[in-house]
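Asker: This is what each chain is made of:
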Amino acid sequence: MTDLERTFKNGKAFIPFITAGDPSLEITERLIIEMAEAGADLIELGIPFSDPVAEGSVIQQANIRALSSGTTTDKIFEMLRRVRPACDVPIAFMTYANPVFSYGPEKFMKNCSETGVCAVIVPDVPYEERDEFLPYCRKYGVELIHMISPTSNERIRMIARDAGGFLYCVSSLGVTGIRERIGDDVIEMIKLVKEISDIPCAVGFGISDPEQAKHFCKVSDGVIVGSAIVKIVEQYRENCVPYVKEYVMKMKQAIL
Amino acid sequence: MPTGRFGVHGGQYVPETLMKALIELEQAYIRSQNDPRFQAELDYLLKNYAGRPSLLYYAEKMTSELGGAKIYLKREDLNHTGSHKINNVLGQALLAKYMGKKRVIAETGAGQHGVATATAAALLGLECDIYMGREDTERQALNVYRMELLGARVHPVDSGTKTLKDAVNETLREWTRCIDTTHYVIGSVMGPHPFPTIVRDFQSIIGREVKKQITELEGRLPDVLLACIGGGSNAIGLFYDFIKDRSVRLIGCEAAGKGVDTFETAATMTVGKLGIFHGMKSYFCQDEYGQIAPVYSISAGLDYPGVGPEHAYLKDIGRAEYVAVTDDEAVNAFEYLSKVEGIIPAVESAHAVAYAMKLAPRMDNDKIIVINLSGRGDKDVAAIARYRGVRIHD
Numbered sequence: 006m007t008d009l010e011r012t013f014k015n016g017k018a019f020i021p022f023i024t025a026g027d028p029s030l031e032i033t034e035r036l037i038i039e040m041a042e043a044g045a046d047l048i049e050l051g052i053p054f055s056d057p058v059a060e061g062s063v064i065q066q067a068n069i070r071a072l073s074s075g076t077t078t079d080k081i082f083e084m085l086r087r088v089r090p091a092c093d094v095p096i097a098f099m100t101y102a103n104p105v106f107s108y109g110p111e112k113f114m115k116n117c118s119e120t121g122v123c124a125v126i127v128p129d130v131p132y133e134e135r136d137e138f139l140p141y142c143r144k145y146g147v148e149l150i151h152m153i154s155p156t157s158n159e160r161i162r163m164i165a166r167d168a169g170g171f172l173y174c175v176s177s178l179g180v181t182g183i184r185e186r187i188g189d190d191v192i193e194m195i196k197l198v199k200e201i202s203d204i205p206c207a208v209g210f211g212i213s214d215p216e217q218a219k220h221f222c223k224v225s226d227g228v229i230v231g232s233a234i235v236k237i238v239e240q241y242r243e244n245c246v247p248y249v250k251e252y253v254m255k256m257k258q259a260i261l
Numbered sequence: 548m549p550t551g552r553f554g555v556h557g558g559q560y561v562p563e564t565l566m567k568a569l570i571e572l573e574q575a576y577i578r579s580q581n582d583p584r585f586q587a588e589l590d591y592l593l594k595n596y597a598g599r600p601s602l603l604y605y606a607e608k609m610t611s612e613l614g615g616a617k618i619y620l621k622r623e624d625l626n627h628t629g630s631h632k633i634n635n636v637l638g639q640a641l642l643a644k645y646m647g648k649k650r651v652i653a654e655t656g657a658g659q660h661g662v663a664t665a666t667a668a669a670l671l672g673l674e675c676d677i678y679m680g681r682e683d684t685e686r687q688a689l690n691v692y693r694m695e696l697l698g699a700r701v702h703p704v705d706s707g708t709k710t711l712k713d714a715v716n717e718t719l720r721e722w723t724r725c726i727d728t729t730h731y732v733i734g735s736v737m738g739p740h741p742f743p744t745i746v747r748d749f750q751s752i753i754g755r756e757v758k759k760q761i762t763e764l765e766g767r768l769p770d771v772l773l774a775c776i777g778g779g780s781n782a783i784g785l786f787y788d789f790i791k792d793r794s795v796r797l798i799g800c801e802a803a804g805k806g807v808d809t810f811e812t813a814a815t816m817t818v819g820k821l822g823i824f825h826g827m828k829s830y831f832c833q834d835e836y837g838q839i840a841p842v843y844s845i846s847a848g849l850d851y852p853g854v855g856p857e858h859a860y861l862k863d864i865g866r867a868e869y870v871a872v873t874d875d876e877a878v879n880a881f882e883y884l885s886k887v888e889g890i891i892p893a894v895e896s897a898h899a900v901a902y903a904m905k906l907a908p909r910m911d912n913d914k915i916i917v918i919n920l921s922g923r924g925d926k927d928v929a930a931i932a933r934y935r936g937v938r939i940h941d
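Taken in sequence, the protein lines are chains A and B. Basically my numbering = 1-based index in the first sequence + 5. Basically my numbering = 1-based index in the second sequence + 547.
Please keep in mind that the hints were generated in silico from the structure rather than gathered at the bench. For clarity, every value in this text was computed on a predicted model and none was experimentally measured. Careful, some of the hints might be misleading.
[What the hints assert, rightly or not] 30 angstroms max Cα-Cα, derived DSS-like pairs, lysine-lysine:
1. A/Lys80 with B/Lys820
2. A/Lys199 with B/Lys805
3. B/Lys567 with A/Lys196
[To be verified] Just the calculated beta-carbon pair ranges, DEER-fashion:
4. A/Glu216 with B/Arg650: 28 to 38 angstroms
5. B/Asp727 with A/Lys199: 22 to 32 angstroms
6. A/Gln258 with B/Asp705: 48 to 58 angstroms
7. B/Ile864 with A/Glu159: 29 to 39 angstroms
8. B/Ile864 with A/Lys199: 47 to 57 angstroms
9. A/Asp167 with B/Arg935: 58 to 68 angstroms
10. B/Thr762 with A/Arg162: 46 to 56 angstroms
11. A/Gly121 with B/Asp705: 33 to 43 angstroms
Glycine included, each C-beta is placed from N, C-alpha and C at the ideal position.
Please work from the sequences and hints to get the whole structure.
Answerer: Take a look at the structure:
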């Protein structure tokens, strides 16, 4: 069984996001271990980028904190090599095209496969540009995660047909960030996907509380939560680990 | 070449949410090209509202002072709103209207593109929001007020380096929020396909006019075309119609800031490397891990870490040359053109003037240089005074 198959076999998946190096890579290392213990089915680990255009202000600030603490792609891979013997939780990277491109996509995917990173999510590489990284992903057994959004409409079939691993379903228009109310567009989107494919669907963008998670898990196979966790990291900094752990437990419980 | 590619450059590297809008825009643009009503309306506005064709002026005093090639100035500074930006903005705003959009948004650096967008929005009855780096709102305060006078809302951007790059980030973010009602009027030949092509087409009127005008005046094509380049819209506008005329040298003048050997530079072609950012593959100033570099130039309009994909391609194939011009050289040229020709150029355009001052004396006096005077310099007077340590009250 692959890591991503493992992610979605344990009921509905809870997928927390953190930015690597926020506030430091030592804390990231502990967060990975503790979130895994708290029930995270897949951890989405952000590689910080100077200009994260798909992010709202909370994750933008996390990117700045991570870069100011000296985080680099190489140091993130080193951290993963340290964490791996102790923890086998599935991990996916979330980053932008340029950090992968400038690192060299071949070397990047090779390092991913060596450090147990099973997937990469690159929001500024849409379906049309997938060949930028897909050949290297295939070569090293790393899934390139496709995204669908409320504007995808007729594109959903095309994207879902080719998608591997899971489908990242963007809940609403705009950038990442906590939303009090999220429309039900995504529910219709997932129904359309399920008509043509049995690929797992995870909903992200805006989800922060257990009720929202529970609501979307009625139709989806999991939920992704970023800004709400990053806010806890921002608030407690070096002392954030127990608070994040508690939050992850609460969210996972809600969707069991 | 595949659609939207210029060699390896270009493409559509944007979040999925924006793809629908880009596809619709491309379709609407193709329709507009074959729509005589659209073309007639645009031609009318360019002529009667923007003041086209702009003059091609023989800078006789400058020519004799420098003692070399004959220098012509393409007077885009005389357009309504004071720069070449109006050419693109009228086209895109009209396109937005034909697409049924109610609102336009735009980034701006120096404020020229913001002013032009606000102007077109006022004219065509569209709502308008402009995103501008906080630092730029301070160094171009007058343009902020100008945009507000025109009915636009100006949003200072506090993220990152608080300049043009961050204004683009914020406008892209805003676009993902309101994609159904809003058109993003990108100000340069950058961003995802189809923007580099659309903006180039709307700006290429500059070069077409120059070709006609210089043929009438001199009976032949020029030897050198000079234009400043940030994203590259006025440069491609001038170059495009001459790309197939191999005898014409095309030279883009980018902002070296305090020097290409310092970190305070925006000379993408000189110090940048291949990357993917702001929707396109092109050259970018960046560090070894692909983090986009904070760039610097005295000119807010050239203070951008990337360059349009078609320029990157013209560089790759050796059809165009790109040189770097420092703040000091640009400010000297700003003062020089003011004194010698009585024309105060935008500090952006002064980069091209500065290179002409180096190049013209080394050329024979039967050679011809055309400089794109992309904008007027009123907006820069206060900043140049500060640069010279002169205290004035605005």
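Asker: Would you mind marking each hint as holding or not holding in the structure?
Answerer: The hints, checked one at a time:
1. Restraint check for A/Lys80 and B/Lys820: satisfied, since their Cα atoms lie roughly 22 angstroms apart, inside the 30 angstroms limit.
2. Taking the CA atoms of A/Lys199 and B/Lys805, the gap is near 57 angstroms; set against the 30 angstroms cutoff, the hint is violated.
3. Between B/Lys567 and A/Lys196, the direct Cα distance comes to roughly 20 angstroms. Compliance with the 30 angstroms bound is thereby established for this hinted pair.
4. As the Cβ distance of A/Glu216 to B/Arg650 is approximately 34 angstroms, the hint placing it in 28 to 38 angstroms holds.
5. Hint check: B/Asp727 to A/Lys199, Cβ distance near 26 angstroms, so the stated range 22 to 32 angstroms holds.
6. The hinted range of 48 to 58 angstroms is not satisfied by A/Gln258 and B/Asp705, whose Cβ atoms lie roughly 38 angstroms apart.
7. The beta-carbon spacing between B/Ile864 and A/Glu159, approximately 37 angstroms, falls within the hinted interval of 29 to 39 angstroms.
8. Hint check: B/Ile864 to A/Lys199, Cβ distance near 48 angstroms, so the stated range 47 to 57 angstroms holds.
9. Distance hint for A/Asp167 and B/Arg935: a CB-CB separation of about 60 angstroms, consistent with the stated range 58 to 68 angstroms.
10. For the hinted restraint 46 to 56 angstroms between B/Thr762 and A/Arg162, the CB-CB distance of approximately 54 angstroms keeps it satisfied.
11. Remark: the range hint 33 to 43 angstroms for A/Gly121 to B/Asp705 is upheld by a beta-carbon distance near 38 angstroms.
Hints 2 and 6, counting from the list given before, are not met by this structure.
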